[in-house]
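Asks: Residue numbers (our numbering), protein chains in the order written: chain A, 367 to 506; chain B, 25 to 129.
Incorrect hints may have been included.
[To be verified] Simulated DEER-style distance windows between Cβ atoms:
#1 B:Thr124 with A:Val458: 20 to 28 Å
#2 A:Met480 with B:Arg67: 41 to 49 Å
#3 A:Ala381 with B:Lys62: 35 to 43 Å
[Stated by the list, open to error] Derived contacts from chain B toward chain A, CB cut-off under 10 Å, selection only:
#4 Val41
#5 Leu80
#6 Pro115
#7 Val116
#8 Glu118
#9 Tyr120
Since the hints were derived computationally from the structure, they do not count as laboratory data. The C-beta atom is built at its ideal place from N, Cα and C for all residues, glycine as well.
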Amino acid sequence: MLLEITAIIRRDKVAPTMRALDALGLGSMTITTVSGRGRQGGNIMTDIDREIPAEYESVSKITRALTPASFALEHSLTRPVFWIPKRMLQIVIPSAMKDDVVDVIMSVNRSGWMGDGKVFVSPLEESLRIRTGERGLASI
Amino acid sequence: MKMIRAIVRPEKENDVVLALEAKGFPALTKTNVFGRGKQKGIRVGPIHYDELPKVLLMIVAKDAEVPVIVEVIRNAAHVGYEGDGKVFVSPVSEAYTIRTGEKTE
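Isolated chain A (complex conformation) (with noise of 0.2 Å):
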């Protein structure tokens, strides 16, 4: 049984969770740019500057300091949407090490900040490595 692993993290933690990952002999992944937001709706600055409580609306949060983003929100007619750099990492692995993987990751990644991401466990049907031909689990 196979399993793909999808983790959307911060893009400073994709070192750590790798050199994690081969400590437990998944050294192969697949890394792509992305950007995201959450729940939060993409409003970072809470993420950013500490300073600001949480209490703030959003708005108030965003033009606090100009940015391009928040002088664009202001003087345009068209909303801009904020999306924020993030790494996605896709692991394929057997499912009995689901509870291993995902706990690793999460304790790697874990600021307790807004934006730390997501993983999100899937179904993988069929695995082919394509040099050999192997199927299935041999195959990773």
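Go by the hints and put chain B onto chain A.
Replies: Just chain B now, with coordinates in the frame of chain A:
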């Protein structure tokens, strides 16, 4: 839970995101991708384009919300011409929020 992957026109990305946000789905991930569809790209005169730029939007949602999201994406990204894109829905068995360690099934 389900993962919804929508491949849409880059110029429609903002519309789709704002439409989803208005329906209460602010969280999503996007990547710029290149691809072609059934029409094998487009041909303009003698030139054949088969790596057309698109935006891939990834949303993970509860099963019950999937039809709503798909419909919102469909309405926002629809132009009516070839190249409008595709929406794929695939299963996700578990989702974890790293900050809290909270698990959703």
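Asks: Hint by hint, say whether it matches the structure.
Replies: Hints and how they fare:
Between B:Thr124 and A:Val458 the Cβ separation comes to about 26 Å, which falls inside the hinted range of 20 to 28 Å. In this structure the hint that A:Met480 and B:Arg67 lie 41 to 49 Å apart at CB holds, the actual value being about 47 Å. Range check, A:Ala381 to B:Lys62: Cβ separation about 40 Å, and the 35 to 43 Å hint holds. Of the supplied interface hints, the one on B:Val41 holds, with its beta-carbon coming within about 5 Å of a beta-carbon of chain A, less than 10 Å.
Interface restraint check: B:Leu80 against chain A, minimum CB-CB distance 9 Å, threshold 10 Å, status holds. Evaluation of the B:Pro115 hint against chain A yields a held restraint, the C-beta minimum of about 6 Å falling below 10 Å. Hint status for B:Val116 relative to chain A: holds, with the closest Cβ pair at about 5 Å, below 10 Å. About 4 Å separates the beta-carbon of B:Glu118 from the nearest beta-carbon of chain A, less than 10 Å, and the hint is met.
Hint status for B:Tyr120: holds, given a least beta-carbon distance of 4 Å to chain A, under 10 Å.
Every hint from the earlier list agrees with this structure, and none is contradicted.
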